[in-house]
Amino acid sequence: MRFRLLHPQPADHTAFGGSGHGAGPKRSPLMNVLLTSGGWREDAWATAVPQILGAHGVNVIQARSGIEASNVIRSVTVHIAVVDLALPLDDSSIGSSEPAGARVLQLLRRLDAPPPVVVVRPPQPTLREASRGLVDALLDGAFAVVDRPCHPEIMLRIMQRIMERQFIDRAVAADRAAAIERADARRAAGGQ
Numbered sequence: 125m126r127f128r129l130l131h132p133q134p135a136d137h138t139a140f141g142g143s144g145h146g147a148g149p150k151r152s153p154l155m156n157v158l159l160t161s162g163g164w165r166e167d168a169w170a171t172a173v174p175q176i177l178g179a180h181g182v183n184v185i186q187a188r189s190g191i192e193a194s195n196v197i198r199s200v201t202v203h204i205a206v207v208d209l210a211l212p213l214d215d216s217s218i219g220s221s222e223p224a225g226a227r228v229l230q231l232l233r234r235l236d237a238p239p240p241v242v243v244v245r246p247p248q249p250t251l252r253e254a255s256r257g258l259v260d261a262l263l264d265g266a267f268a269v270v271d272r273p274c275h276p277e278i279m280l281r282i283m284q285r286i287m288e289r290q291f292i293d294r295a296v297a298a299d300r301a302a303a304i305e306r307a308d309a310r311r312a313a314g315g316q
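Each residue of the sequence shown is one higher than the last, beginning at 125 in this note's numbering.
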């Protein structure tokens with residue numbers, strides 16, 4: 125089995141499963157992870173997580189601006205999102221005072237099936253601001269909130285918890301549906 129790690133540009137629709145990335149049949153990724161990271165320097169988790177998840181068949185789509193993230197959200201089904209609150213609105217505004225992370229959170233929240241979201245926030249100057257920011261993010265539906273700088277292992281543990289929950293919830297729902305079908309079949313057979 126061949127795994128793929130994609131870092132598409134927003135207009136590169138071949139990266140979302142189209143042709144052009146190797147020979148052979150198209151393979152669907154296990155899931156799509158939107159990974160946004162903002163700021164002028166690369167975080168260790170933003171480099172390591174795509175490589176590790178990509179090796180396991182997860183399609184990691186990186187967005188470096190709010191506009192890129194918006195294009196990804198409109199183009200593919202996002203199963204998990206990592207949203208950096210310091211994400212710039214566009215490529216020209218890296219380092220500006222207008223972060224777009226909160227806007228990306230709103231876009232994700234408005235989806236018919238919002239994905240679990242991991243919020244990455246800058247270091248908080250006071251304990252009060254840290255607490256307030258944490259409560260706000262959790263009330264907005266975040267699965268987890270991590271402060272920068274974040275070690276890649278912490279991010280991977282959070283991703284693992286999300287994936288386990290997603291698959292466990294699906295398995296429980298499938299088991300319930302199968303049990304209902306069996307009960308309906310028994311009723312139908314007993315009633316005839």
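Hints may contain errors.
Claimed, not checked - Label-pair restraints from in silico Cβ distances:
no. : residue 1 : residue 2 : range
1   : G314      : R233      : 56 to 64 Å
2   : R256      : I176      : 26 to 34 Å
3   : Q290      : A172      : 19 to 27 Å
Think of the hints as simulated: they come from the structure by calculation, not from any bench.
Where a beta carbon is used, it is the ideal one built from N, C-alpha and C, also for glycine.
**Study point:** Contradicted hints - numbers only
**Key:** 1
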